[in-house]
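J.: From first to last, the protein sequence lines stand for chains Y and W.
So that you can map any letter, position 285 of the first sequence is 285 in my numbering, and since no number is skipped, the others follow by simple counting.
Just so we're on the same page, my numbering is the position in the second sequence counted from 1, plus 1000.
Any given hint could turn out to be false.
Calculated pairs, BS3-like style, for lysine-lysine (alpha carbon to alpha carbon, straight line, at most 30 Å) [as the list claims (entries may be wrong)]:
| hint | chain 1 | residue 1 | chain 2 | residue 2 |
| --- | --- | --- | --- | --- |
| 1 | Y | K222 | Y | K165 |
| 2 | Y | K178 | Y | K156 |
| 3 | Y | K57 | Y | K74 |
| 4 | W | K1041 | W | K1095 |
| 5 | W | K1196 | Y | K123 |
| 6 | Y | K57 | Y | K222 |
| 7 | W | K1196 | W | K1041 |
| 8 | Y | K57 | Y | K277 |
| 9 | Y | K156 | Y | K277 |
| 10 | W | K1095 | Y | K322 |
| 11 | Y | K74 | Y | K322 |
| 12 | Y | K291 | W | K1095 |
| 13 | Y | K291 | Y | K178 |
| 14 | W | K1095 | Y | K57 |
| 15 | Y | K211 | Y | K156 |
| 16 | Y | K211 | W | K1041 |
| 17 | W | K1107 | Y | K156 |
In short, the hints are calculated from the structure, not lab data.
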Amino acid sequence: MDKRTLRTRRVALLLTLLALIVAACDSDSAVEQPTPLPPDVLRLLFTYGSEKDAWVKAVTRTFNAANQRIASGKRVVVEPVPVGSVEGGMDIVEGRAQPALWSPASRLTLPVVNEANLAANGKPLVEESECRDLVISPTVIAMWRPMAEALGYPEKAIGWADLLKLATSPNGWADYGKPQWGRFRFGHTHPDFSNSGLQSIVAIAYAATGKQRGMTPEDIAKPDVQQFMREIESSIAHYGRSTGFFGEAMALRGTPYLSAAVLYENIVIENNSDPIKRSRLEFPLVAIYPKEGALLTDHPACIPDMPYMTAELREAAELYRKFLLEEAQQRRALEFGFRPADPSIPLTAPFTPENGVDPRQPQTTLAVPSAATIRAIRELWEQQKRPVNLTMVFDISGSMRERNRMENARNGAAAFVDQLSDSDRLTLIAFNDKQTVVFDDLPVGPNRERMKREILSLIPGGGTALYDSIAFAIERQQERLSRDAINALVVMTDGEDNQSKRFLDATALMDRFGMTAESEVDISIFTIGYDLNEAGLRPLRIIAERGRGAFYEGKVENIREVYLEISTFF
Amino acid sequence: MRVGYTNPNESNGGFMFLMALTHAYLDRTAAATVAELTDPKFAEYVRRIARAVSIEPLNSSGILMDNMMRQGPATYDLVILHEALAIENYQIAIKRHNIPLRVFYPKYNLYSEHPMCLIDHPSFTPQQREAAKIYQDFLLSREIQELARAYGYRPAVTDVPIFVEGSPFNDPEIRAMGVSNSIGQTLVQPDGNTLKQILAIWNRVVN
């Protein structure tokens, strides 16, 4: 697939995922009609990167309770809505949302969204110099403390080059005297959807060029930069849409799942300082501030330059932004693990070594590259990212006839195939009380249309041997595991298992196939519980949790969106 | 070297930076002339400086100082801005980064005098003019000039001393950061046409 087609598909996917969110909001409002606003109230929509949600919600409650008014006497009521950083900007560009104030996680998003608005509406969306930073958090490599110590932490400065060495070594952690930790397993989010994913690939590109600013598209085109990107990406467990997901999954699943992931410093603090979260960690996490330089999430708050912005809205946005920058609100940011944008507030607790962070770091920050350079990095990543070697395990039992389940699931799976890259490989196993290999280990590029036709012609009937079918799929996949690819299963089922003979429950299945640190090559298992009750969902959660993947609950109405959401992991 | 400065097209601090650079090139205090600046050697000199300070400039000195205090030595080795901002942020740098600031004055320097001007326009009534004059006199009163000094500004009224007991300029910590009565040799500002020329050369080599 050429780059343009892939980019178009990505945009289409983004729009679909947004439509899912909008649809969810609509259904809420259908149930609960909002009370009409009194005439003296001005509603201010504030969309922002979800990383700072807890702080924003806490301080906005204070703002709304304080009856703040603009010059006309209208009371300002702020409605805070967390969204993905890139998505939030594209919402405005595409006319789906009209916030008076928008705050993505970092300034890295601004050239990307400004470029999009220039193309769509003839001018940049925001004046970058007019944006005000609300809080700061460096983007870090979060690593388990013993693993970081094996690399020389805290005495030795660690960087991307150290990770590259680990990622490309066939011995993994054995090179550092820790063979029991297995291979180096790394995670960052998908750069088309998530700020931290975009920051990850920009930071990797900077490390490859040896620069800290002034990086150009010509730098990105150099073969050694391409090789650096490919080799770092070769250790990726999978991608994903949410930085929060990686933080949660890493904390819950421990060292066999990931050795390190790109997260924000505040997530490291949160996991270490919250007693409940701390108690479930296998080891404490520490923040590695890469020695080649780190990008900051500076959470700029920007007033969009769009026709819907009235003078009153602008005045209200400025009033609210000023409030967020006042000392009381800035001090509260510390509680949530953010560095206040107000530099007069010292970085006291929780910025302590016990929480795995160092307020004297990073030693070097990386400059935001130009829009053209960011575009070149995204294209490079698209070429060098880890391909996927995937098996879809698709339930065709008789119950799939009910309520249009089959038709919608087939459409969802076909849309999923559209999101895969040409170089990805796909197997389809349809199952009821037995397993049928519909097509086997085919490259997606030349077979995409055939694959979709096969999926769209699946016919339901028979019982459900879920556990044995997953075992069948794993064993087949194990025969052709690729070290150079993300090996994954996407399992969709609408029924509880009533036919398996070898494995009678999810625990038995995962005792046999669950993740271990020692495995040479990992298989990630993503599960979709489709139109199921809680008892039916529980085993699928266990399988995803112990299978390095993620669990989703699907309904007839949203199964397509669930499939598309899973595609962001690849 | 990571040098922060403000955009000379938008900020007084940025323009003063350009003036100091120009006189460092000329190595004299006397005003520059258009003929000297059209010499390709000057453009080459500006180009070398611009390449060395390639951090994207900001549009205001206040924002630049805030950024330096927020991001610290990870982003900036030095910034070029007004002395008052350095004095005002001395304690902040220690509290936030545990590193004191150090002040250096360029060899050829100039003051930011903050002139306050009464606008000569027919729409202004005599009463407005009188009111503006009262306000101007107030700002130049001893009490307010001393208040300005507390914020790190050198009083414009010469009978209000700068280095005196109770003034931040006399604070041993502020003196230790390099704040001094010797601010370098005061350069002579050229005519408007030459100023435009300096800005045009900068814009050409930077863009």
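J.: Hints the structure violates: just list their numbers, smallest first.
T.: 4, 6, 17
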